[in-house]
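We have chain D; now place chains L, C and A with the ligands onto it with these hints.
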Amino acid sequence: MNAKVVVSLKDGILDPEGQAVASALGRMGFDEVKDVRIGKVIEIELEDGIADAEVRVKQMCEQILSNPVIEKFHIQTEQS
Amino acid sequence: MNAKVVVSLKDGILDPEGQAVASALGRMGFDEVKDVRIGKVIEIELEDGIADAEVRVKQMCEQILSNPVIEKFHIQTEQS
Amino acid sequence: MSNTGATAPLYEELGLTASEYQMILETLGREPTQVELAMYSVMWSEHCGYKHSRSMLGRFPTEGEKVLQGPGENAGVIDVGDGWAVAFKMESHNHPSAVEPFQGAATGVGGIVRDIIAMGARPIALLDSLRFGSLESPRVQHLFEEAVAGIGGYGNCIGVPTVGGELFFDPSYEGNCLVNAMCIGLLRADQLTSAAAAGVGNPVILFGSRTGRDGIGGASVLASQEFKEGDEEKRPSVQVGDPFTEKLLIEASLELLDKELLVALQDLGAAGLTSSAAEMASLGGMGIELDVAAVPLRESGMEPWEVMISESQERMLAVVTPEKVAAVTEVCEKWGLTATQVGVLIEDSEFVINDGSDEVGRIPVLSLTDDCPKYQPESKKPDYIEASVPSVATVFSSDSVEDELLDLLGSPNIASKRSVWDQYDHMVMTNTTVLPGHDAAVIRLKGTDRGLAMTSDCNSRYVYLDPLKGGMIAVAEAARNVSATGATPAAITDCLNFGNPEKPEIYWQFKNAIEGISQACEAFGVPVVSGNVSFYNESNGAAIYPTPTIGMVGTLDDVTKTCESGFRSDGDRIFLVGDTLSELGGSEYASHVHNIVEGPIPSLDLGVAKATCDMVRSAVSSGVLKSAHDLSEGGLAIAVAESCVNGAIGAKIDLSSSGQELSIVESLFSETQSRFLVSTSQSDGDGFLKLAEEFGIRVAEIGEVGGDAMQIGSAVELPLDVVCNTYQQGIQKWIQKT
Amino acid sequence: MTVDRPNIGVAIFPGSNCDADSLHGLELAGANAIPVWHDHPETGSLDGMMIPGGFSYGDYLRTGAIAQFSTVMDLIRQMADDGRPVLGVCNGFQILLETGLLPGGMLRNRDMKFICRTVQIRLESTGNSFSNQNASGDTMRIPIAHGEGNYYADPKTLAEMNSNGQVAFRYCDNGIVGASTNPNGSSESIAGVTNAAGNVLGMMPHPERALEPQLGSTDGLGIMRSMVESCISSRAAINV
Ligand SMILES: Nc1ncnc2c1ncn2[C@@H]1O[C@H](COP(=O)(O)OP(=O)(O)O)[C@@H](O)[C@H]1O
Ligand SMILES: [Mg+2]
Chain D
1 MNAKVVVSLK
11 DGILDPEGQA
21 VASALGRMGF
31 DEVKDVRIGK
41 VIEIELEDGI
51 ADAEVRVKQM
61 CEQILSNPVI
71 EKFHIQTEQS
Chain L
1 MNAKVVVSLK
11 DGILDPEGQA
21 VASALGRMGF
31 DEVKDVRIGK
41 VIEIELEDGI
51 ADAEVRVKQM
61 CEQILSNPVI
71 EKFHIQTEQS
Chain C
1 MSNTGATAPL
11 YEELGLTASE
21 YQMILETLGR
31 EPTQVELAMY
41 SVMWSEHCGY
51 KHSRSMLGRF
61 PTEGEKVLQG
71 PGENAGVIDV
81 GDGWAVAFKM
91 ESHNHPSAVE
101 PFQGAATGVG
111 GIVRDIIAMG
121 ARPIALLDSL
131 RFGSLESPRV
141 QHLFEEAVAG
151 IGGYGNCIGV
161 PTVGGELFFD
171 PSYEGNCLVN
181 AMCIGLLRAD
191 QLTSAAAAGV
201 GNPVILFGSR
211 TGRDGIGGAS
221 VLASQEFKEG
231 DEEKRPSVQV
241 GDPFTEKLLI
251 EASLELLDKE
261 LLVALQDLGA
271 AGLTSSAAEM
281 ASLGGMGIEL
291 DVAAVPLRES
301 GMEPWEVMIS
311 ESQERMLAVV
321 TPEKVAAVTE
331 VCEKWGLTAT
341 QVGVLIEDSE
351 FVINDGSDEV
361 GRIPVLSLTD
371 DCPKYQPESK
381 KPDYIEASVP
391 SVATVFSSDS
401 VEDELLDLLG
411 SPNIASKRSV
421 WDQYDHMVMT
431 NTTVLPGHDA
441 AVIRLKGTDR
451 GLAMTSDCNS
461 RYVYLDPLKG
471 GMIAVAEAAR
481 NVSATGATPA
491 AITDCLNFGN
501 PEKPEIYWQF
511 KNAIEGISQA
521 CEAFGVPVVS
531 GNVSFYNESN
541 GAAIYPTPTI
551 GMVGTLDDVT
561 KTCESGFRSD
571 GDRIFLVGDT
581 LSELGGSEYA
591 SHVHNIVEGP
601 IPSLDLGVAK
611 ATCDMVRSAV
621 SSGVLKSAHD
631 LSEGGLAIAV
641 AESCVNGAIG
651 AKIDLSSSGQ
661 ELSIVESLFS
671 ETQSRFLVST
681 SQSDGDGFLK
691 LAEEFGIRVA
701 EIGEVGGDAM
711 QIGSAVELPL
721 DVVCNTYQQG
731 IQKWIQKT
Chain A
1 MTVDRPNIGV
11 AIFPGSNCDA
21 DSLHGLELAG
31 ANAIPVWHDH
41 PETGSLDGMM
51 IPGGFSYGDY
61 LRTGAIAQFS
71 TVMDLIRQMA
81 DDGRPVLGVC
91 NGFQILLETG
101 LLPGGMLRNR
111 DMKFICRTVQ
121 IRLESTGNSF
131 SNQNASGDTM
141 RIPIAHGEGN
151 YYADPKTLAE
161 MNSNGQVAFR
171 YCDNGIVGAS
181 TNPNGSSESI
191 AGVTNAAGNV
201 LGMMPHPERA
211 LEPQLGSTDG
221 LGIMRSMVES
231 CISSRAAINV
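Residue numbers (my numbering), protein chains in the order written: chain D, 1 to 80; chain L, 1 to 80; chain C, 1 to 738; chain A, 1 to 240.
Bound-form chain D, shown alone (with noise of 0.2 Å):
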């Protein structure tokens, strides 16, 4: 089993390594790059056959893998 966990700074908050990322495609001649975010992926590999994983990846990301002052998190579950 695997999980996919997606976190990236909530919406208001400046995230300094996108606009540097945005400025840099800019003078590389990608003009067409209105604005950048960059986000972590959390990919996580569980024992099979754990029962409540969807609830567990959740404790998760609540508890360690993201802050919810500045953070939001996106989970995808897969069956390998």
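For the record, the hints were derived by calculation from the structure and aren't laboratory data.
Do not take every clue at face value.
Unchecked claim - Below, a list of computed lysine-lysine pairs in the DSSO-like style, where the Cα atoms sit at most 27 Å apart:
#, chain 1, residue 1, chain 2, residue 2
1, D, LYS58, D, LYS72
2, L, LYS40, D, LYS4
3, D, LYS72, L, LYS4
4, D, LYS58, L, LYS58
As the list claims (entries may be wrong) - FRET-style restraints, in silico, Cβ to Cβ:
#, chain 1, residue 1, chain 2, residue 2, range
5, C, GLY336, A, THR218, 51 to 57 Å
6, A, ASP154, L, GLN76, 26 to 32 Å
7, D, GLN59, A, ASN162, 42 to 48 Å
8, D, GLN59, A, GLY175, 34 to 40 Å
Just so it is clear, CB atoms sit at the ideal spot from N, CA and C, and this is done for glycine as well.
Just chains L, C and A with the ligands, lined up with the frame of chain D:
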């Protein structure tokens, strides 16, 4: 038009961040976690009506968004 | 914001009282507009307005022949000789760090660095003073590790070495950690910059990052009704730092000043544009007109009040003459920063806010600054102080001092903080000649013979048990740390972290601590040149230990004549400077080993404290000492262990000749003030004794350096590697325990 | 400007923060050190180039990733091709990896923490422009200060580098290289590598922080002085 690029370490390269998160999860009682790998999601907002968007984003990935020595990338584009 | 205040007036939700609102009505002669109300609410907050502290802060001695700038500007400045001056200040970022420790601590560093830039100084060193709950709690470990990573992440990136600080764990900080950061900057004395606005008609330029909705969570109630539920997410109360932009801001600001393009410079901190513009106008005794529509925004649809109080990081405000605007823009562009004229200086002392062609606010400048409401809260001696037993020393008798010593040596408050400063680039700028891990760090001033010593100190347990004496001891300890390196204490900054000042017991702590600090400063002849107050450090109604952190800077005329704390060579003679009394009240030993926090705390004779520092400093600069280390938490035993570890060499101590009648526990762990542990070569020992006699300071020869064990009489005999490992790995061990 | 002092440029990117230290250090080592702003590259008279440490462009995305597109990199590529000495320290090393002037890539430190401390490194190869003052096997005490110094190269590349003598330094303790002396998890404890020609060196330790007794070590002098001498000799060779 938006493009989403996922950049992650090539298979076989040890991922220090993933390992750190995996062991933190283990310490917190999430014993079902076997492995964690962490990559980046880069969300790019593009001007509307760019003809060859996919090609352009691929160029961005090759030129700057990823380093082929250590990383691989994957592109999803979506009409907004 | 919740709906609980459905019946409460808007001003109350913004933190203003009914009488304060009445003051606003009287000042304006009408109801405030939305922007005006927002501006008053942030400027009259405790954080900006110093409502409960201002009256007491006047007690501090702030003058001295070396003081170029005392409190009142962005940072204090002292003359350090050869045409050089040093600006420094300490500031708290406690509440943001409790919510988001990485970003909270990082932006704390960013904020204090901008205060230093605003004085026209290049930041050359940082210190961080950290206090958390008990290290056994996983939550505390998380806060601690993230705060350290945040400080490192910011300081390392901007290329300013973090050379020292403090780290203290105690349950009183469980729900309210303290993150205080201090920055020191260097400037030519004749290039001192002011924030005071001057020149009617001069443009006001905002440069640095764009403005977003950062840090205005608390004022969200002002959002117009059309805003839908969930929109408060768009007004984050936590700011994210961008150290890269800060680095550019440092370079751009210094280049602007170097080219003499600016009339005045000011950073944007708490309360954003509102407070920086108001302060500039107020200091210059004039008025200012801003156009919120001109402010470059990061997000669309921001309302005027949002622009005015946003706390977006990495921004500076400058006053320039009209003909220099183009040159200013050019310098900013070179550094990749936006620079925009957002306003102009006006004659009347009014703060006018326009939104394009509409006037949306007009406030008398002084009503936002000097004329902010001030309170003189009630004060009452807390009961816990009366209840303290007269002496706790008799409680302690032990037949296993060796075990107790190891236990203490590896405890979170005593163990080495190397795992912290290892994460800070403390060597960048290639000036750090005494690295972290000794009493004070020393920075050389390239191109001169001079150096600076710096330290931050506060034993808050002492201040809790006896605020007056605890305040004195904080200054005395800082002076000892600076003197141990051979430097002369020059001036201090402070960060006064307390609970809710509206509680009489807390205000009593505050008043007494200030009195103690002031008396000690007078005795040592060091002025207070800058500082910061952080109140309401409480959780669930319980206050932290009162923590007036002292940041001290000392000067060295010859930076090659310094001393470190580590023993050096076989056969060197070891001396204990100062008398040891039975003073275990409030000690680390009592607290950690016996879980007792009771007074009386050690006594302090300010005259002796100063004379002892003077003597040790004179010994360091005359070159007779091979090591010098001050005694503080953990007493003599811990000082000996640290000198062994830092020198990677053993020592043999014999206390029988010290002539004092103390139990072994008292001899080893008593925290009597005004003591140092020093060593000399065989031949220099007598010279040192003579020097001490001249100064009238009692010194006892207590042993010899050498071997690979730490031995104290018959009570302690520990292999050096055991001592080293216990001390070096203490913090990691506590973290792994859970 | 004396004739026997070579002109060595220090490339400065927005976010570089060891540029002043590098200028100071090169002067101490006997060079005329010349600041070169990233988009106004000085042309002509430079005999060598140093890319200093720091956080160019905030090190956002990947360390060195954005800096590789600065104008000054064209000059640096040209100098590297001409055989002039190019030294990248810390962030400078990371930039050289991103541009492909040196083999391999850089990952976060094994323990995910920034590390600042003085370490020992062992000189592994003398066939380059930075080692004529030292002998193979010499150990040096030099500070490191980085969050991403975990050097990575695949096994094939490592084998090639080893046989070409491109591994310049390894972390060690009293000359002994082992897992316990590797501060950041780098492949084979590598602390610095050169290109095949030996005129481009990237290293994580900061030699410019180890040039004066006051700072605790002078072991960086050998590396910096070697570079200075190589600049003089390569100038002679190129100008022939
Ligand atoms: N948070 C920190 N950041 C950097 N250095 C620290 C920190 N905490 C402690 N240190 C350093 O560790 C050493 C010992 O600190 P401390 O025990 O507070 O010393 P002292 O008792 O002499 O004041 C000092 O060099 C100090 O600067
Ligand atoms: Mg000390």
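For each hint, the structure was consulted:
1. Simply put, LYS58(D) and LYS72(D) have alpha-carbon atoms about 12 Å apart, close enough for the 27 Å limit, and the pair holds.
2. For the suggested pair LYS40(L) and LYS4(D), the alpha carbons sit about 12 Å apart, so the restraint of at most 27 Å is met.
3. Distance hint between LYS72(D) and LYS4(L) is fulfilled; the C-alpha atoms sit about 17 Å from each other, no more than 27 Å.
4. For the hint linking LYS58(D) to LYS58(L), the alpha-carbon distance of about 33 Å lies beyond 27 Å, and the restraint is violated.
5. Restraint check, GLY336(C) to THR218(A): a C-beta distance of roughly 37 Å breaks the suggested window 51 to 57 Å.
6. Taking the beta carbon of each, ASP154(A) and GLN76(L) are about 28 Å apart, inside 26 to 32 Å as hinted.
7. Our hint of 42 to 48 Å for GLN59(D) and ASN162(A) holds, since their Cβ atoms are close to 47 Å apart.
8. GLN59(D) and GLY175(A) have their C-beta atoms about 49 Å apart, which leaves the hinted 34 to 40 Å range violated.
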